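Asks: For the protein sequence lines, the chains are A and B, in the order given.
Take the first sequence: its position 548, counted from the start at 1, is 548 in full-length UniProt numbering, and no numbers get skipped.
Take the second sequence: its position 213, counted from the start at 1, is 213 in full-length UniProt numbering, and no numbers get skipped.
Think of the hints as simulated: they come from the structure by calculation, not from any bench.
Remember, it's a predicted structure, so these values are computed and weren't measured experimentally.
Treat the hints with care, since some could be wrong.
[Unchecked claim] When the alpha-carbon atoms are kept at most 30 angstroms apart in a straight line, the in silico DSSO-like pairs for lysine-lysine are as follows:
no.: 1; chain 1: A; residue 1: K603; chain 2: B; residue 2: K28
no.: 2; chain 1: B; residue 1: K174; chain 2: A; residue 2: K517
no.: 3; chain 1: A; residue 1: K517; chain 2: B; residue 2: K376
no.: 4; chain 1: B; residue 1: K57; chain 2: A; residue 2: K614
no.: 5; chain 1: A; residue 1: K603; chain 2: B; residue 2: K228
no.: 6; chain 1: A; residue 1: K614; chain 2: B; residue 2: K28
no.: 7; chain 1: B; residue 1: K230; chain 2: B; residue 2: K16
no.: 8; chain 1: B; residue 1: K19; chain 2: B; residue 2: K230
no.: 9; chain 1: A; residue 1: K299; chain 2: B; residue 2: K19
no.: 10; chain 1: B; residue 1: K57; chain 2: B; residue 2: K14
no.: 11; chain 1: B; residue 1: K230; chain 2: B; residue 2: K14
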Amino acid sequence: MDLRRAPRTVIDPKVRHVGFFAPPDRSQSVPLPQSSDSPPLSDLSPSGNSLSPVMIPPPRTISAGLPPNRLLSPLHRFSGDSVIPVGSYNPSEFASPSVADFFEDNNARSPGPRRSRGGGGSGKFASSLPAGGFELPPEVKPKSLTTVSVVSNLQPNVTAKVGEQSSESQDVNSKQPLKEKTSKAERRALQEAQRAAKAAAKGESSFVYLFDSMIFGFFLSVLRNIEGSPSIVILSIHFTVVATVKTGKANNVQKKDNSSSIAASSEKRAGDHKDKDRKKDVPHPRMQFDDTTRVEKAKKRAVVKQTEVRNRVELFRHLPQYEHGTKLPHLETNFFSLNSVHPAVYKVGLRYLTGDISGGNARCIAMLQAFQESIMDYSTPPGKALDRDLPAKINSYISFLIECRPLSVSMGNAIKFVKTLIASLPLTLSESEVKATLSSEINHFINEKIILADKVIVRHAVTKVRDGDVLLTYGSSSAVEMILLHSHELGKRFRVVIVDSRPKLEGRLLLRRLVGKGISCTYVNINAISYIMHEVTRVFLGASSVLANGTVYSRVGTACVAMVANACGVPVIVCCEAYKFHERVQLDSICCNELGDADAISKVHGREEIDHLKDIADNENLQLLNLTYDVTPSDYVSMIITDYGMIPPTSVPVIVREFRREQISSG
Amino acid sequence: MPDTHALVNDFLNKLKKRKIEGSKATAKLTAELLRSVISQQRLPHTNQAGALIHAIKAIGEQLTAANSVEVAVGNIVRRVLHIIREEDVSLTTASIGGLSLQGLSDDEEDNPLVSAAAAAAAARTTLRPPSLQTLLEDMPPHSAAAAAIPHSSSSAGDSEDKTKSTDKNSRSRKLKHNVIETVNELIQEIATCHEQIAEQAVEHIHQNEVILTLGSSGTVIKFLCAAKEKKRSFRVFVAEGAPRYQGHTLAKELVSRGLQTTVITDSAVFAMISRVNMVIVGAHAVMANGGVIAPVGLNMVALAAQRHAVPFVVLAGIHKLCPLYPHNPEVLLNELKSPSELLDFGELSDCMDFSTGTGPPLLHVANPAFDYVPPKLVSLFITDTGGHNPSYMYRLIADYYSADDLVLQQRPTC
């Protein structure tokens, strides 16, 4: 702030710690207990929701050997990566180099040996796929972090294998372009295959095809996530093509040759101005819905057809109030006509819509991975420049996602990161290099800002759990869940009070997971909070975002819990990753919020006898308000635990100011 | 006598099995039960009031033990006891008044009665608020008493030469009769308390007001509807009040009356309260310190209201006024309902291991029925006698209850 301050170079900003730090005592000496992967829990993860109205096949039905998209389950994420030797809070070890080391190490250990054995060209792989493609080495399977561990341009083994096609050149410099060229070709092939599949499937019922294509999409994501290897991806393409259409193959190979030359030719890049039409494409993330002209304009562009609810709540006219049941069938029928939206993004959007993916971290990771996938499949159309076309594409994806569900703050920050990333790419890179860089940077973001951040938070927070504590939590926060599980694994004796509220009842899922792990739990409704608060010693809360004035933007009801805890003199600890911090300020829960499905209010889950509102739902005097978030004033919060340390809520703007710039520029 | 026993036992069973819902219904039934008990009670010739009080106390003890949370039972028992004492005192003063009028004419009066009258008067001054009337009654005891009960004194004066036994007889019938009449008034008062409270609605609700309430209560429905009938237009936010979801019934009722109603979840109370002008809720009981035993969730609402400086108004009939001071009311004056309202019994059976059977169970589900709202969070009580501050409650209690009856438990020695 003042000029006399020591220059930045003295202290590396990345390792500068804020707030109080846990003494490196017992958590350091005790290695994280390695929890075995627990199959029964996997069906609790949102991805395993078999009731989903979209035809997303539950992981188990695909193949028993295939791990589901485990990143969605915080539990797995936690258990899987507990092998990471995060030993100390020594800044030098804690900075990003060690992270990179870890991933290198991980990669070297897991898929290496098998990869080197599996020689031969892609054709050979294709034929052997059903057997070989699914059998993953055992050490990969429990590793929920593998998605994250892919920093593909750093892997010698991958490049080595890719190198087989061109049969040579282990020279480090030539590795990257080579690999990227092939992967580029494969993207083309993939798109080709999709097109062919679509054409072939036209005769069949769309239901079956939807299912197939979902499996196909799932293959893509899972395989890529695990292997990080382009040639494995092409195997899956071939497999799908063989399975659904038998005509695509020759076409494929031919195209591949063509596309590599295209890739070479399209490496020139235009100068970068900030083009304005790109900005126009995206509806403002906080569009005011009481502005009728803008709403009309947005409607014309919208991919998702939405009907407004019958009785809008007057106070919330500035927020979108749409009926929830109506979007889905429309989107399902339009699945094939949506050329602008990449299948991966489409899939993620549908899952947002159905509530299959919820929670700031899970939504953010899902979105980033979908972007990654779409970037990998991207090819610059002739006559356009990548740095203009790609942002436009991503903007159209974002507007589609917004139509499915308003963005969370975490997603907004991640999008900002991706956009800055694209804008800051050096012009000299080839298209394939650009794609590789983007992909690895996105991986890096997921690793560092979400997964490692959670780990650090857990490490700080367990120091606040003592034997005999009664910890209260509200709803289901992934960070808090990890804290509880880790404390339990450390052998601390404590009891958990889970407070829950309608209509989401997310606490039940958490309750189920904790009880399954053997933690003693008490389950109460939010109304009984004053009753139960007298026996509680600490309150741990998750957050969707922490705003610059220190208020905590979180699941609706959090404010009530914090208020009652404050009145009873119980410390309130908010756990939130720093990438969710936002420079916005907010005083009430009304100006900016999200409205959920109104019908969820009138129907009480499991209590069919309560149907008083059923027959009067159309009455103009009745409004049903289903708020999703609320704002907790900062004076109810005793402490915020974030990846930069444990801070008071007044220090949030400092974190935002000091680290936001660095976070974006580091990407 | 067997009749009353059967009645009392029947009522006890109902209380124990929680068959009676709501403090108003309970209060009404209790009052009716006590009325029939009184009417069937055979009274001795001497110390009738004492006998009656003793009988009622015995029943009251049983009743309060049956459901200690339903304080309305105890309130009504105490009210009836107070009525008996009052009637007894007024009869005594009346007769004393008559006798002392006599005593003025011929100077041979027995002292014990006079001293009893003095004691009764002293008791009344302690019971009654120090109004001008009581002062006047005290100053010239004879004339005031004579004026207060003219017919009894005149009847006493008429039958000067009648024997003491007939006088006693008429007095005993008179006591019973008077008590039953006043108990009838009490029942009437309980029945009409909603209307009495609702009459004040327009004084408290202005045009375009935004009101928040949680759950449902008969008083609140009547109150809001009364304001609507008087052409006030306002909007109501109704928090549904899990796990009973009575807010849905309230919303239905209000919508059918044409009120703008918005149903919100209980968790959204804090988010919405900043846009609310007033919180109006019902109560289960009002304690002597001005604290409120209320449906679960209301302490949260009251704290949120205090945070945003929104008036928190409690509607309560006088029968909900309990003369006891609460101690640890969250636990002692609470009732845990069935956990099945929150979780199905089978819901977590698959992830819990019952085979070992050692140690305490992993899962507890707490489903309390009531909340305690401390007096500092309450802005106003609206009762059938008007609006009161929480700090005034102790004074109201002195009006309706006698200090001797606060403890219903009789000592085992006597």
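Asks: State for each hint whether it applies.
Replies: Evaluation of the provided hints:
1. Distance hint between A:K603 and B:K28 is unfulfilled; the C-alpha atoms sit about 34 angstroms from each other, more than 30 angstroms.
2. The suggested pairing of B:K174 with A:K517 is violated, with an alpha-carbon distance near 73 angstroms, which exceeds 30 angstroms.
3. For the proposed pair A:K517 and B:K376, the alpha carbon gap of about 43 angstroms is over 30 angstroms, so the pair is violated.
4. Note on B:K57 and A:K614: the hinted pairing is violated, with a Cα-Cα distance of about 48 angstroms set against a maximum of 30 angstroms.
5. As the CA atoms of A:K603 and B:K228 are separated by approximately 28 angstroms, the hinted pair is consistent with the 30 angstroms bound.
6. Taken as a hint, the A:K614 and B:K28 pair is broken in the structure, with Cα atoms around 33 angstroms apart against an allowance of 30 angstroms.
7. Restraint check for B:K230 and B:K16: the C-alpha separation of about 41 angstroms exceeds 30 angstroms, so the hint is violated.
8. Straight-line distance between C-alpha atoms of B:K19 and B:K230 comes to about 36 angstroms, which puts the hinted pair past the 30 angstroms bound.
9. With a C-alpha separation of about 56 angstroms, the suggested pair A:K299 and B:K19 falls outside the 30 angstroms cut-off, and the hint is violated.
10. The hinted pair formed by B:K57 and B:K14 meets the criterion: a straight-line CA distance of about 19 angstroms does not exceed 30 angstroms.
11. With a C-alpha separation of about 39 angstroms, the suggested pairing of B:K230 with B:K14 is violated against the 30 angstroms cut-off.
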